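Enquirer: Take a look at the letters that make up each chain.
2 protein chains.
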Amino acid sequence: MIKESKKEVSLENLALVPQLTLDCVIFGFHDNALKVLLLKWKQTPYHSLPGGTVRQDESLDDAAKRILKERTGLDKIFLRQFHTFGSLQRYNLERIKTALGHLIQPELWYERAISVGYYALVDYEEVFPNPDDLSESCDWWELKEVPDLLFDHNEILEKALHALRLELSFQPIGLNLLPEKFTMPDMMRMYEAILGKKIDPRNFQKKILKSGIVNKLDQVKRGVAHKSPYLYSFDKEKYKEVLKEGGLFFT
Amino acid sequence: MIKESKKEVSLENLALVPQLTLDCVIFGFHDNALKVLLLKWKQTPYHSLPGGTVRQDESLDDAAKRILKERTGLDKIFLRQFHTFGSLQRYNLERIKTALGHLIQPELWYERAISVGYYALVDYEEVFPNPDDLSESCDWWELKEVPDLLFDHNEILEKALHALRLELSFQPIGLNLLPEKFTMPDMMRMYEAILGKKIDPRNFQKKILKSGIVNKLDQVKRGVAHKSPYLYSFDKEKYKEVLKEGGLFFT
Chain P
-4 MIKESKKEVS LENLALVPQL TLDCVIFGFH DNALKVLLLK WKQTPYHSLP
46 GGTVRQDESL DDAAKRILKE RTGLDKIFLR QFHTFGSLQR YNLERIKTAL
96 GHLIQPELWY ERAISVGYYA LVDYEEVFPN PDDLSESCDW WELKEVPDLL
146 FDHNEILEKA LHALRLELSF QPIGLNLLPE KFTMPDMMRM YEAILGKKID
196 PRNFQKKILK SGIVNKLDQV KRGVAHKSPY LYSFDKEKYK EVLKEGGLFF
246 T
Chain X
-4 MIKESKKEVS LENLALVPQL TLDCVIFGFH DNALKVLLLK WKQTPYHSLP
46 GGTVRQDESL DDAAKRILKE RTGLDKIFLR QFHTFGSLQR YNLERIKTAL
96 GHLIQPELWY ERAISVGYYA LVDYEEVFPN PDDLSESCDW WELKEVPDLL
146 FDHNEILEKA LHALRLELSF QPIGLNLLPE KFTMPDMMRM YEAILGKKID
196 PRNFQKKILK SGIVNKLDQV KRGVAHKSPY LYSFDKEKYK EVLKEGGLFF
246 T
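First to last, the sequence lines map onto chains P and X. With the working numbering applied, the first sequence corresponds to residues -4 to 246, in that order. With the working numbering applied, the second sequence corresponds to residues -4 to 246, in that order.
One chain only, chain P, in its complex shape (with noise of 0.2 angstroms):
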């Protein structure tokens, strides 16, 4: 809280917090497949997450969702911050002035600069990204396919996956993800995509059930293969109070 008296700077006369820096990793999931947006900056073969920096007047929530917004036209997306990156060797500053220097002159990057990370999982077939006037294209990528990223952003990428795979565990998922009605092996493959491994269909239907957040319907799937399966609908108060309270373990 005590800032350097040798110096007469007042740091807070500028616009931007000096150093800090704000990533946004946003994961797309739809019919099965889960996937993380990403920026390809102009006329250049390299890729990062969307990012920028923390202005004075705005709180960190508030930055991820105007970052967020002018860097990929996403908006009001439900953004969670993670983690706060603030290692002595983030990136290699010649590097990248080097790579973007056509793009952004190179005395305007920090030397050092810590980044709050937040994260959001969105359905991707409902939002529409647009690249801002730094990025060539803004396009959503197979995790597998990610490639070697700007600055540390894969390894923030890394970490995004961990706190959603850890949300996962404990929180109720899936309201915008599936459609309305679904059966419980739609609802495991969600999860099961999500998590990167297969998951025990007995354990995770009794949990899903005993946590009330769905209601079995009267209905069953028609033409699908074997037995018809039963359809669910989400209980929405349930799976608030869920949301709020917390108590949906999965191992």
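Hint data in this document are derived by calculation from the structure and do not stem from the laboratory. Keep in mind it's a predicted model, so treat the numbers as computed, not measured. There are no misleading hints in this set.
Remember, identical chains collapse to one label, so a pair may be satisfied in a single copy or spanning two.
Below, in silico cross-link-like pairs of lysine to aspartate or glutamate (EDC-like), each with a Cα-Cα straight-line distance of 16 angstroms or less:
1) Lys192 x Glu240
2) Lys154 x Glu240
3) Lys231 x Glu175
Fit chain X to the known structure of chain P by using the hints.
Expert: Showing chain X alone in chain P's frame:
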């Protein structure tokens, strides 16, 4: 990542990262009581969490260790980052200047500071806090008795407690908090003290045994009422494995 172009201030030459602070929430557990470490500012009735500023030449993780050591004497504590506090009104600057004016020059406070929160859980009988020059005392407080703290430290404490409880839900805990040999009820009472609520004993025992982190010994605890309960010890290999991989979930 881009800084303001209008001003020619070489922020990187300052020894501190401007407007960036760090606060440590140290939870202490012993004999079924959970406490938190607070500093009392000299010649004031005010308490706060041990905190400080981040230097340009240290990572956030290193800053956390240094600040904790400087302010409380605690060394070699495993600290986890849990949240960064970046709202606009984290504290009333005038109140702070008045409260601590005899200790810190009023112009040294930032109008706005962003604080990175770290927490740890230790056995409070094993560590020996020592207040620094700014503090009159450094004591363990029962959570229920924590007073109004300076800055937004009550909120930071609340969020750290939430992070600790969440951690407890998916990671093993207790290796340095329980005696070498302990009973299932001992272990369960530790969980209850930290979670602040009752848990179902049968479910608890089943989950713990299934996880493999404890070994049942061929010994019972003598001198307790009713049936002598079996003693257990941690399986350190398995404990470390589960700590690394995750996958221990409680409802």
